[in-house]
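Chain A is fixed; fit chains B and C onto it per the hints.
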Amino acid sequence: MQFSAHQIATLLNGSLEGSPDVMVEQLAKIEEASSGCLSFLSNPKYEQYIYSTKASVVIVNEDLKLDRPVKSTLIRVKNAYSSFSQLLELYNRMRLDKTGIEEPVYIHPSATIGKNVYIGGFAYIDKNVVIGDNCKIYPHVYVGDNAKIGKDTTLFPRVTVYFDCIIGERVIIHSGAVIGSDGFGFAPQDDGTYNKINQIGNVVVEDDVEIGANTVIDRATMGSTIIREGVKLDNLIQVAHNVEIGKNTVIAAQSGISGSTKIGEHVVIGGQVGVVGHISIANGSQIQAQSGVNRTIAEGEKKWSGSPAAPYNAQMRSQVVYSRLPELERRIEELEQLLLTKELSK
Amino acid sequence: MQFSAHQIATLLNGSLEGSPDVMVEQLAKIEEASSGCLSFLSNPKYEQYIYSTKASVVIVNEDLKLDRPVKSTLIRVKNAYSSFSQLLELYNRMRLDKTGIEEPVYIHPSATIGKNVYIGGFAYIDKNVVIGDNCKIYPHVYVGDNAKIGKDTTLFPRVTVYFDCIIGERVIIHSGAVIGSDGFGFAPQDDGTYNKINQIGNVVVEDDVEIGANTVIDRATMGSTIIREGVKLDNLIQVAHNVEIGKNTVIAAQSGISGSTKIGEHVVIGGQVGVVGHISIANGSQIQAQSGVNRTIAEGEKKWSGSPAAPYNAQMRSQVVYSRLPELERRIEELEQLLLTKELSK
Amino acid sequence: MQFSAHQIATLLNGSLEGSPDVMVEQLAKIEEASSGCLSFLSNPKYEQYIYSTKASVVIVNEDLKLDRPVKSTLIRVKNAYSSFSQLLELYNRMRLDKTGIEEPVYIHPSATIGKNVYIGGFAYIDKNVVIGDNCKIYPHVYVGDNAKIGKDTTLFPRVTVYFDCIIGERVIIHSGAVIGSDGFGFAPQDDGTYNKINQIGNVVVEDDVEIGANTVIDRATMGSTIIREGVKLDNLIQVAHNVEIGKNTVIAAQSGISGSTKIGEHVVIGGQVGVVGHISIANGSQIQAQSGVNRTIAEGEKKWSGSPAAPYNAQMRSQVVYSRLPELERRIEELEQLLLTKELSK
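Protein chains in written order, with the numbering used here: chain A, 23 to 368; chain B, 23 to 368; chain C, 23 to 368.
Just chain A, same shape as in the assembly (with noise of 0.2 Å):
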């Protein structure tokens, strides 16, 4: 899709300078930008940029002063950076764009499927599923009996939903993620081999979440695992069964939380943390990537980090002794010859 400057310019309500008639076809950052690239100046840190970049548009502050003349054509509105957040995101819809139902895909009769949606090919849709207005289900995705998507949420290729889980609203799932398998509940036997215990609870995604590429919620053994309303996971999550996250919280990919733990409101998860089952953690914590929490964290808004995780100051001060381990030990070995040689002197 190619668009002037001209229709840029007044779909921003911003002000022209150059060329109304320049041609742009890609959105690029304004030091990597080449011909054809629509580009933004919001960061003084980067106006240097403004004379060397080979942009053809570039949507600046209105207040921006020049030294030199610039070979781009410049539109020039209030808040540079929000004016281009907007088109990223209309230029997002514009390539998303996709309705109808494609063949050959498989839909149950029962199912009940809602308006103006996009259902790819061979997505599979089973008995009693809900698919919910404008909703996105991409080719080989599979949604099982009595699951409910939803409207305005987007399934990629390739996501799992499982039977009898519950999608929110404007969700967003990326390929390869699995809702609803099984939680890990085996009974031990006495003659060492294991009985699983059926798993027939569910999961359930609130509303404005976004859930990354190959991250797996298990269901709840009994009753839901539960990710509440806006919360955000990033790829190759583990969430184990009867899990449940507050609104907001945000975990990094490769992290897993174990069964049955708690996490609250607005927390900070970094990658490759572990959560172990069974604890809850307070609104507002921050957690440090790779650190390992063994028990609750009953206070809120601190900062954790290591494994077992301790408050991050603590934590920073011994790492950096740690460091130091082969000269401390150094020093207790010079002291104790010291102490030995007075000994024998005396």
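Hints in this document: simulated from the structure, not taken from any laboratory. Heads up, some of the hints might be wrong.
Just so you have them, the derived chain C footprint on chain B, three or more residues with Cβ under 8 Å [to be verified]: (1) 193-203; (2) 209-216; (3) 274-283; (4) 300-311.
Glycine included, C-beta positions come from ideal geometry on N, C-alpha and C.
Chains B and C in isolation, oriented as in the chain A frame:
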């Protein structure tokens, strides 16, 4: 599906107290149950809930004594927990009771399909594949050339079984798991590039194994990567080429076992554990979450922790001192100061 | 497929000892081989097995000296190891030699499909996609709008390539890998919620790359996430948005690289390593398994270990002392006691 208290009492061979006609359609924990739920009480710790629960029907031990009247219909049985487990099992079997071959599927004419199977839409069964009786092959499953799936096995949606791999009986594999991808083997060349070492072995998964969602088991370079009977693997686990995992071993989510390592029987491995290649781990070992095992564990039935993994008790002792490292350093400084003063004062 | 010893000897230009008519149909290690197997002997350490092996045919070096008769037919060649590797390659090429377009598949009319390709059942190829000559696109693969797949590339079952992504030539991507999912970017709002930052860049995978099962590579916010030629990525790896991984770098399973980080060439990264965002790692660095790299590594060709990662030798020294921490604390106590006694005795 709805059942009356009378129907359930008959099924469990229990005696009824209260209305026999009350209907239930869901299973729930006694403390979370609402009207229409069937629950159970086994642990004396939860006895208080029998008076406040909203469950319509509760299964209790036959010897349970009540202080005051309860609102729920009770079903008295010998062992409430095992009766309830029986119901869970039955419930799940009913829910997951799919049979028949849906359309469209791809089944190569040379494949052998057992009796009473379920093959979901868009499943792909390649040349010479054998699918045993009573198997459930969900939608989007891929089974490559010459693979064999034993009877009573369930492959949930989007499982991949590469060519030549052998899956046993009563195995359960969850969505997105990959069995038989190439082992990670490359020969470094003089020019800095790597040549792929062709991986021509397979994966053998024995009977009664369960494999979690998005877990990966690589095929052997030659021979077989072997998962022995009764092994339970959680989600997002990595099992590299030529690994062997012994009978009834249990591994939690996001752990990784490197190439050619041999894990014994009845080993329990926590989440996010890493095990290096070409070592062995003795029977009955217990490895704590986030450990890194970097050498053979020859003596069985021991507990290990940390990275590098050390005997659990020693590790715990070091861990405690680690948190006091800044204090230790200060004490050393004080000792040095004291001795220095002494030296000077001599 | 069965071959006679004579056929193999002819193929490898080797000389035969023993029956030329014995048939083999499998490849196996000399110590594990059974009748019907072809094996090889290259490492003198394994020479003993030549007398006990059940392999029907063994490829050996032309100068191998025998003490006593062997049961297997021998094929003498210049370099037994490289002759056997040649056979492995040939064997795999024959096994994986699929061509043609199966039914049903979804190929958008605007897509360009090269010559001599394999496109498996239920594969989905969207608008303007270009698939190069000799590509193998296995069942359930999804290739989004405008994506390009270079010639001689294999996408195993259930690979997802999101829209706009570019895959090079001779690339191998294993089952369940996701290329081009959204980067994890959210702008915090005043009300505690997060706004999604649209991710409009793509992923570029250059020639001769191999990507493991269920690995995820996110698309850039703008511009490209880049995997340079010859890179080998194991299973279940996370590569975040705007990362660049340099030529011939190798990363083991379950490692994660955070956003905008730049990994150099010929870097070797072990399993379960975490690398924070916005840093760079110099060429030839070696990062031990389970390390956490939290700052730029500017000097190349060094070995790093631990979390936070430190130079390998320093880390090893601290690690050794860590295991003696309880003893160290005791020695400090003894010193204090000794000094205290002295003070008191003064």
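Here is what the structure says about each hint:
| no. | hint | verdict |
| --- | --- | --- |
| 1 | 193-203 | holds (count 3) |
| 2 | 209-216 | holds (count 3) |
| 3 | 274-283 | holds (count 3) |
| 4 | 300-311 | violated (count 0) |
When each numbered hint is compared with the structure, a violation occurs for hint 4 only.
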